[in-house]
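Following the hints, complete the assembly by docking chain B onto the known chain A.
So the protein sequences, as listed, match chains A and B.
Just remember that the working numbering sits 525 ahead of the position in the first sequence, which is counted from 1.
Just remember that the working numbering sits 117 ahead of the position in the second sequence, which is counted from 1.
Don't read these hints as lab results, they were simulated from the structure.
Simulated pairs of lysine-lysine, BS3-like, Cα-Cα distance not exceeding 30 Å:
no., chain 1, residue 1, chain 2, residue 2
1, A, Lys-539, A, Lys-591
2, B, Lys-119, A, Lys-589
3, B, Lys-184, B, Lys-173
4, B, Lys-159, A, Lys-589
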Amino acid sequence: GAVVSQHPSWVICKSGTSVKIECRSLDFQATTMFWYRQFPKQSLMLMATSNEGSKATYEQGVEKDKFLINHASLTLSTLTVTSAHPEDSSFYICSARDQGGTGSEQFFGPGTRLTVL
Amino acid sequence: QKEVEQNSGPLSVPEGAIASLNCTYSDRGSQSFFWYRQYSGKSPELIMSIYSNGDKEDGRFTAQLNKASQYVSLLIRDSQPSDSATYLCAVNPSSSNTGKLIFGQGTTLQVKP
Numbered sequence: 526g527a528v529v530s531q532h533p534s535w536v537i538c539k540s541g542t543s544v545k546i547e548c549r550s551l552d553f554q555a556t557t558m559f560w561y562r563q564f565p566k567q568s569l570m571l572m573a574t575s576n577e578g579s580k581a582t583y584e585q586g587v588e589k590d591k592f593l594i595n596h597a598s599l600t601l602s603t604l605t606v607t608s609a610h611p612e613d614s615s616f617y618i619c620s621a622r623d624q625g626g627t628g629s630e631q632f633f634g635p636g637t638r639l640t641v642l
Numbered sequence: 118q119k120e121v122e123q124n125s126g127p128l129s130v131p132e133g134a135i136a137s138l139n140c141t142y143s144d145r146g147s148q149s150f151f152w153y154r155q156y157s158g159k160s161p162e163l164i165m166s167i168y169s170n171g172d173k174e175d176g177r178f179t180a181q182l183n184k185a186s187q188y189v190s191l192l193i194r195d196s197q198p199s200d201s202a203t204y205l206c207a208v209n210p211s212s213s214n215t216g217k218l219i220f221g222q223g224t225t226l227q228v229k230p
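Okay, chain A solo, but in the shape it has when bound:
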């Protein structure tokens, strides 16, 4: 149980294009999902908390107009990197909190490696 998928697993795009990343909880419902970014040799940095049916909550310093988050259902959240630039190249990882769970455990997707040329 507690499986989270992400698609795509990697993407290469040209500067200025937009990229959409999907995060799905496969065997549980997730009212809340989280989006992280990880640069090489660094830890996970929380970008935003995605709430089903409402606006995402962004961490300080994260541009909400650049990183669009939509949480349309209890099993799907999407992150769109708009007008991507080389500095946006990173490992993007989503996680989901099991709505039926008793704790705060988050289960991570396999990540999406974004390379912007």
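Okay, now just chain B, sitting in the frame of chain A:
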């Protein structure tokens, strides 16, 4: 002061030894603590969660929590080369009602055959 602090390592132990990984946190009101393992190029994998003071054992892993000292640790017994990875400590801050986690920078563990 960082919210969650870990020694980045690397921590090197011989195969079969006990590896001890440590983490301190600044939010005294935190209630939930987690250890994740991350292999190079992969996403984190949950190993242990702990919510109460004391020890919690799961196989070769033991998590220890001391809220008074704001300290949480992970012991890995009979370390294996396959345990070589980065171990991330994560804390759910008291200010959050969404379950968000704050991660430490991670400790790299190397288990040498």
